[in-house]
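Could you put the whole structure together from the sequences, leaning on the hints where they help?
Protein chains: 4
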Amino acid sequence: MTRVAVLGASGYTGGEVLRLLLAHPAVEVVQATSGQFAGKRLDYPHPSLRGMSALRFVPHEALEPCDVLMSCLPQGGLIERWARVRELASRVIDLSADFRLDPTDHERWYKKHPRPTDVPEFTYALPEWTASQLPGARYVAVPGCMAHASLLGILPLVCAGLVKPELVVDAKTGSSGGGATPALSSHHPERASALRCYRPVGHRHTGELENIVERLTGTRPSVHFSATAVPSVRGILSTVHCFAARPIVDENEPLRAIATAYREKPFVRLIRPNTSASPFPEPGPLQGTNYCDLAVDVDPDRNRIVVNVAIDNLVKGAAGTAVHALNLMLGRPETEGLGFRGLHPI
Amino acid sequence: MTRVAVLGASGYTGGEVLRLLLAHPAVEVVQATSGQFAGKRLDYPHPSLRGMSALRFVPHEALEPCDVLMSCLPQGGLIERWARVRELASRVIDLSADFRLDPTDHERWYKKHPRPTDVPEFTYALPEWTASQLPGARYVAVPGCMAHASLLGILPLVCAGLVKPELVVDAKTGSSGGGATPALSSHHPERASALRCYRPVGHRHTGELENIVERLTGTRPSVHFSATAVPSVRGILSTVHCFAARPIVDENEPLRAIATAYREKPFVRLIRPNTSASPFPEPGPLQGTNYCDLAVDVDPDRNRIVVNVAIDNLVKGAAGTAVHALNLMLGRPETEGLGFRGLHPI
Amino acid sequence: MTRVAVLGASGYTGGEVLRLLLAHPAVEVVQATSGQFAGKRLDYPHPSLRGMSALRFVPHEALEPCDVLMSCLPQGGLIERWARVRELASRVIDLSADFRLDPTDHERWYKKHPRPTDVPEFTYALPEWTASQLPGARYVAVPGCMAHASLLGILPLVCAGLVKPELVVDAKTGSSGGGATPALSSHHPERASALRCYRPVGHRHTGELENIVERLTGTRPSVHFSATAVPSVRGILSTVHCFAARPIVDENEPLRAIATAYREKPFVRLIRPNTSASPFPEPGPLQGTNYCDLAVDVDPDRNRIVVNVAIDNLVKGAAGTAVHALNLMLGRPETEGLGFRGLHPI
Amino acid sequence: MTRVAVLGASGYTGGEVLRLLLAHPAVEVVQATSGQFAGKRLDYPHPSLRGMSALRFVPHEALEPCDVLMSCLPQGGLIERWARVRELASRVIDLSADFRLDPTDHERWYKKHPRPTDVPEFTYALPEWTASQLPGARYVAVPGCMAHASLLGILPLVCAGLVKPELVVDAKTGSSGGGATPALSSHHPERASALRCYRPVGHRHTGELENIVERLTGTRPSVHFSATAVPSVRGILSTVHCFAARPIVDENEPLRAIATAYREKPFVRLIRPNTSASPFPEPGPLQGTNYCDLAVDVDPDRNRIVVNVAIDNLVKGAAGTAVHALNLMLGRPETEGLGFRGLHPI
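Protein chains in written order, with UniProt numbering: chain A, 1 to 346; chain B, 1 to 346; chain C, 1 to 346; chain D, 1 to 346.
A few of these clues could be false.
When chains are identical, the list treats them as one kind, so a pair holds in a single copy or across two.
Unchecked claim - The list that follows gives simulated cross-link-like pairs (lysine to aspartate or glutamate, EDC-like), each with its CA atoms no further than 20 Å apart:
(1) Lys164 - Asp301
(2) Lys111 - Asp301
(3) Lys265 - Asp250
(4) Lys164 - Glu251
(5) Lys265 - Glu336
Derived by calculation from the structure, the hints in this document are not laboratory data.
The model shown is predicted, which means the values in this text are computed figures rather than measured ones.
Have a look at this one:
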């Protein structure tokens, strides 16, 4: 059994990490930290853990050595504790943006990185694209949720040379991506009917998308990213509007490129025409799962290729990918502990 | 492996039965029938089954012999086919009301039962109360969803003699209980904001509650039942208003009675004060699970005891109980295939 | 024009009071106070006021004399300022519970009333029942929202002597009743799927219902009140379960009693059978209106009479009744400024 | 009083037309037709009309001469009846796509127009842009709801020459746009959590946008349009991604262009920075109103200009614009009967 501790475990990604790890056959959760809930049982803030564990939260400072540490601290929390944390665990998986971007991009979108020389030690965990780097990785950075969904749509087409490096990404997201801390904009009467493009320009995932596409393909694209809040709790739908690099002759070429990219990938499901009563990628039935559903459509008259990508922001977009990376790091079966396939209707 | 066929498998309870059985380690799903979707793959109407099975629906008439048959046909469908179905499987689990009530009550709330002598062959599957009858049962009737939730709140107090046999049950339900067939009242623009007491009196579960409480306790109560549609898809909250049989001296007596009744019952969780940031039974985090959360409150000044009971209508209220009963019938571990503990937030 | 000031105008009831008064043909809004938003325009927190007024919030302390003062301060706020406020306006309408209950009940459900001798100066504004007292009233207390809805169902039957003085009231409410201040329980991810009986016993509206029914009918009933949060923002559905005082012979008697009680009342609409494709009182299509829809059902076998009452908690349950009372106090047409009839679908 | 008849008045746009006209001071509703509800009162399918009218639906065939006819028939319904309808009323306002597009575009996106020579008789009612043509218009075509919202964002920038004629329009819509007829995709359990890009390419409003922008500006753009269903009933948010025609030097230029375009337009509200606690255009608080809220954002590094436009699809996107056009045709005040300013929270 791999002994895993979870740092910052009382928020929403922390709750999902605990839910997955407590049911994982190869893992023992040895500690979970929380400032706010230290001393309380794990199920105190997380009703979905009722009856799963007798463990109680400890303060962040009480963290002891373990095999793997997963950090669900908010932005900046791991950087701040990095000197100490790296002494406690030989392997660390971070779910924040602390070590995702190259220092130059980090400075542009967040702030000057206080530990730029540590950044290259981290592997960016996009398992469908960087799986080969994970077995040996010591430190892993889990992608941002909207960046993750969008990359899964962008990369097959960019890699196949089918599209121009100028993309419009219109991402729609539920409220849980904003975390567990109350605020006026997430107060239920204000948020329940929200359909608001809360970040039309300047969203940080713009930087993550441009940085990672460049890192993985060699070409830095212009990503025109907007984020819209929709009236749901879990789930992201990222609509990636691409423009064909050359006139579209074969309308099935994009579909084939995507099918090829994800042929052996257990968590990505390409929805083909006429195979479903509801043939659109939707985050609803993906809630709780590590699956990504996607579909591609082509407008040959206007040379546009549209990829729609749906995930659960808290699982495939966070905790599930952390566990997926852990499986790869430990040499376990890729899907271990990630078998849940979602609910319908919901 | 027990070979199970599912009759009427394209609706919502059928989808949940398939979801649970396809992941069940001791079961092989051998056939699934559907009038509407015959020839289509199981995941055509059920996106949560994507990638789980290559099976296709067959027409009801194509049903072949199997070990256990689960029927998710609508009301009246199994009665109509009973002569043939009982030849195909030695064990049958029915999720409709066809064989739930004693013939007298059936006639009063549905219509004259065409096969009254077959009714006594069926065991009513309320596992927390009738588990001992299930191992040997050939034919099993799964309770109605709102009746099931309400019974779990009523029975401990009635059995302990704490309350009068006159109860007000105010049940709240999501839209999935109405099934998968579109209608004006379930058209999204009409139903999305619905908060409507659609059956203030005369709901059939009144009869089920009175019949089953009498069968299990010997006392026939008056149940004052109302059903209210709320703006959600899955889940039932049943608020059971009881009146103490004698003045309340010890406010903890109802809590103890309920705790005793469910002490060894893995799927019923009594929420005790101060153990949760959200100490109320709610169906939200129970979606997809076979769990029942309940809590009890006492107003000693007015002699009222209130039990709130939350379940997922499609799982604990239907498919999960069917699988729970199957486990007991087959001598398998009670919780096999029913381990999912739900999501939060959702 | 009557010059009206609104005290505590940045919350949800304050916003509705402003919305109604700014469009009222006989009223001029002269001041609106807010601690948090002093200096901001009225539409800063209230998007529905965009373009309606150039007024800005002033601090509570900046309040000047006016003809009528409406107070939307939270519980206790008006009591605290009463000595000063009564000097500023000859007529005051309070939307809190500060002066609703008799001092004995106030002490029991809130705390010892610091100004018990001022309480009798207030008229309880339940226009369908106390309209005759309003023209001469100087000080007016607007009912609590769930109490208001429930009283509209209870009073006709109690007054007609049709029901026992022991009632079960199961009220369902949206999130806006909790006010505009964020909290964990109203954080969107926590509240969006909530179906929780958050106050099964001990809700303060129990005391208001018992107090007011006694005041208006002479009989103090036992009210068994529970409040359940449902996944919506606006609206209350109160299900009043009554028991017939004597065996029900004429099933239409309750309907006639209610129809008689509200015959000349413009804001109460009794839904009769077969007059609507959706014949249930629902708060959805009442959003923004001062209307109350109700229906009555009878179970003669169990001697139960059920009244379902729907209102918008912020209008009929608060701001609309305040304006309704103002109209009666000023001798204006009863429905002035309250003509909006709601939206469907919504 | 202008005598208006409403053809096809039992659907959602019909209900909104009736709601607005029944409260309009210069209009008398003389007839309302319905196939399904002939003989029933207007409030039978439309609860928001309770108490507003004693009129009953008549069959389409019973239509008599009137001053103005408003047609809410589904696509193709008015074309089919045009020969007869034009004899009954000298002025006709159509809310379908029957006479919106030039015949060439109509054929491409719908089917060959059976009455191409009648099309030029119709004025396209986009009041902020075509108001001058409406006073004399006999026949008027109301824009499609998503096209309408998008045009309000596109036109100021195209007319000012600020953007390239290649636009990505990502429109999000509630379920009421699909009409009142039940279907599987709008069945509440299927639609409640829907976040689905149901028409990534090939949506008919693509054609309407290209046709109308060309008609009004002389330049035919390429419009890359996608439509996404979100979990709400009313409302559209159209996100218009534009690319600056030349490098952006002055970031305020787009804002000024839009402000200038709508300076005297009572129903379009440009949300400027720092004027609201919720500074994003959102359809929620616009429900029931004829207002359009919009905002503009600029990414100078990537040369993108984003306009977000929110409307209520059934009002500004249909019935409200019909009434707005009627006011202009009749020489009435532009805002008459359209004063409702929406609700918050909702």
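A quick look at each hint next to the structure:
1. Lys164 - Asp301: So Lys164 and Asp301 pass the 20 Å test inside a copy (16 Å) and across (18 Å) alike.
2. Lys111 - Asp301: between (43 Å within a copy, 18 Å between copies)
3. Lys265 - Asp250: neither (25 Å within a copy, 47 Å between copies)
4. Lys164 - Glu251: within (16 Å within a copy, 26 Å between copies)
5. Lys265 - Glu336: within (14 Å within a copy, 28 Å between copies)
The structure is inconsistent with hint 3 alone, although it conforms to all the rest.
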